[in-house]
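Asker: The residues making up each chain are set out below.
Protein chains: 2
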Amino acid sequence: MKTVLNDPDLNRLVYNALSFGTAVMLGAFVYFLTQMKSVAKQYQNGVAVSAVVVGIAGYHYYRMWSGWAAGTVNEGYRYADWLITVPLLVIELLIVLGVTADRRKKLMTTLVPATVLMIGLGYPGEVSKNDNTKWLFWVLAMLPFAYILLTLSKELKSAGSRETGAVSASIKNAATILLVTWMVYPIGYLFPVIFAVGNEGAEAARQVAYTIADITAKALYGIMILNIAKARSGDSH
Amino acid sequence: MKTVLNDPDLNRLVYNALSFGTAVMLGAFVYFLTQMKSVAKQYQNGVAVSAVVVGIAGYHYYRMWSGWAAGTVNEGYRYADWLITVPLLVIELLIVLGVTADRRKKLMTTLVPATVLMIGLGYPGEVSKNDNTKWLFWVLAMLPFAYILLTLSKELKSAGSRETGAVSASIKNAATILLVTWMVYPIGYLFPVIFAVGNEGAEAARQVAYTIADITAKALYGIMILNIAKARSGDSH
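Sequence order for the protein chains is A and B.
Sequential numbering of the first sequence, starting at 348, is according to our numbering.
Sequential numbering of the second sequence, starting at 348, is according to our numbering.
Check each hint, because a few of them may be wrong.
Treat identical chains as interchangeable: a pair holds within one or across any two.
As the list claims (entries may be wrong) - Using 20 Å as the maximum straight-line C-alpha spacing, the simulated SDA-like pairs for lysine to any residue come out as follows: (1) LYS476 x ARG359; (2) LYS452 x VAL463; (3) LYS349 x VAL446; (4) LYS504 x LEU487; (5) LYS476 x GLY423; (6) LYS476 x LEU454; (7) LYS476 x PRO533; (8) LYS501 x ALA395; (9) LYS384 x PRO434; (10) LYS452 x GLY512; (11) LYS476 x ALA461; (12) LYS388 x ASP449; (13) LYS452 x PHE484; (14) LYS349 x THR456; (15) LYS504 x LEU357; (16) LYS384 x VAL399; (17) LYS349 x ASN421; (18) LYS519 x GLU473; (19) LYS384 x ARG359; (20) LYS501 x THR480.
Hints listed in this document are in silico derivations from the structure and should not be mistaken for laboratory results.
Being a predicted model, the structure only gives us computed values, none of them experimental.
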């Protein structure tokens, strides 16, 4: 049978990780749908976006898992997924952060194009087998990446200090998840450069790292978004 | 046709058990979703988690059944499933048990890592064909296992004595299901050690035992969780 990696243990590890990702995303999808009505009307939108994000991610993990099971790998699925879900992750955050509608609109018009640019610039480097090409697009993609993280952490900080109690605490949790998890992506991207293209351990590590980062950045982050929305709705359960 | 077990009767028994598991889990998934609104607002979350647990288990049983039908067995599915669902089983219990939010948070921060440790330590032993390795990881996994069961039974006991009537009775039922069913797992794990690795009867018995235990620990236990939530909502139907 054709497999992506020759080492059967590494091949099975990635196979299981992709199936695990599918299960978590689809589980989170159902959970977020059930939780929509548990928050105040103006935040239901944010929870709905969370549900859409993990639903789309579940679809892509199912595709990646099927591909891996058939012995093929299509990095396009990850980038197609991120192209849809990363702007939505920014949007769901802005919905529950309590910024004014005007400011939110202004932030969206710069942050959403920045996410698209970041992912579009990452893809040519990710699929290239040339180290120089990989580095070039890594550096280019890091520019919008840095801009997004700086802008969001500024917003998170000012929102955290604007609020008190449970709302402030839940915003701090979301900020931590966002900032720590997003760091995994540029590092995972560099695994083939650091360990040489074609190194099976590095390829397996990259796939597993992306999977764990996606679960944290989408499902766990969605729970943090839900917690902010619940705290704002005056319900800390 | 390639089959996992050579004995056709044993092979068909496991095949049917895995299909049975899929059907029960997906049935329970739909049922728990329909029951969410039948309990008070603060317990709906617990019922939603029950639904997610059996939904995810249904996905994994479907995968295991498909694998078995194709003549392969991937023990990774069981462990991926447990890695997601066992922490959730603890969480859904804590939601309906009526412990304070502070105490629940404290319990979660020790119990959830303990479940992850228990399952992570079980996997290397489960997939090993060496008796000594199996015993070693069994003993290691039993340490967090014992810790979890002791902590939960203490919580269940104090919750049971704090409450009266239908609530107290439903908590006792959930406690019994939890404590009895969880005992099946470390025993099922040892079947290949007791009856020799490769013994087909032991392999079939292990698969069937895990399936029955999963149905009890997730679907039946979910009904007990629902009963506690209903009793607490002043509706014992």
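Asker: Between copies, within a copy, both or neither: which fits LYS349 and VAL446 at Cα up to 20 Å?
Answerer: neither (52 Å within a copy, 52 Å between copies)
Asker: Evaluate LYS384 and VAL399 at a C-alpha cut-off of 20 Å and name the case that applies: within, between, both or neither.
Answerer: For LYS384 and VAL399, both the intra-copy (15 Å) and inter-copy (17 Å) Cα distances are at most 20 Å.
Asker: Indicate which option fits the pair LYS476, LEU454 if close means a Cα-Cα distance not exceeding 20 Å: within, between, both or neither.
Answerer: Answer is neither; intra-copy 36 Å and inter-copy 48 Å both fail.
Asker: Is it within a copy, between copies, both, or neither that the alpha carbon of LYS452 lies no farther than 20 Å from that of PHE484?
Answerer: Neither: 29 Å inside a copy, 43 Å across copies.
Asker: Under a CA distance limit of 20 Å, which applies to LYS388 and ASP449: within one copy, between copies, both, or neither?
Answerer: within (19 Å within a copy, 27 Å between copies)
Asker: I want to check one pair: LYS349 and ASN421. Are their C-alpha atoms no more than 20 Å apart within a copy, between two copies, both, or neither?
Answerer: Both ways: LYS349 and ASN421 sit 15 Å apart in one copy and 17 Å across, limit 20 Å.
Asker: Under a CA distance limit of 20 Å, which applies to LYS519 and GLU473: within one copy, between copies, both, or neither?
Answerer: Neither. Shortest intra-copy (32 Å) and inter-copy (39 Å) distances fail the 20 Å Cα cut-off.
Asker: From the Cα coordinates, with 20 Å as the cut-off, is the pair LYS476 and ALA461 best called within, between, both, or neither?
Answerer: neither (25 Å within a copy, 41 Å between copies)
Asker: When no copy is named, should LYS501 and THR480 be tagged within, between, both, or neither for a Cα gap of at most 20 Å?
Answerer: The answer is neither: 32 Å in one copy and 51 Å across copies each exceed 20 Å.
Asker: At most 20 Å between CA atoms: does that hold for LYS384 and ARG359 within a copy, between copies, both, or neither?
Answerer: For LYS384 and ARG359, neither the intra-copy (40 Å) nor the inter-copy (41 Å) Cα distance is at most 20 Å.
Asker: Given a CA cutoff of 20 Å, do LYS476 and ARG359 count as a within-copy pair, a between-copy pair, both, or neither?
Answerer: between (24 Å within a copy, 17 Å between copies)
Asker: For the identical chains here, do LYS501 and ALA395 meet the 20 Å Cα criterion within one copy, between copies, both, or neither?
Answerer: neither (25 Å within a copy, 34 Å between copies)
Hints 3, 4, 6, 8, 9, 11, 13, 14, 15, 18, 19 and 20 from the earlier list are contradicted by this structure; the remaining hints agree with it.
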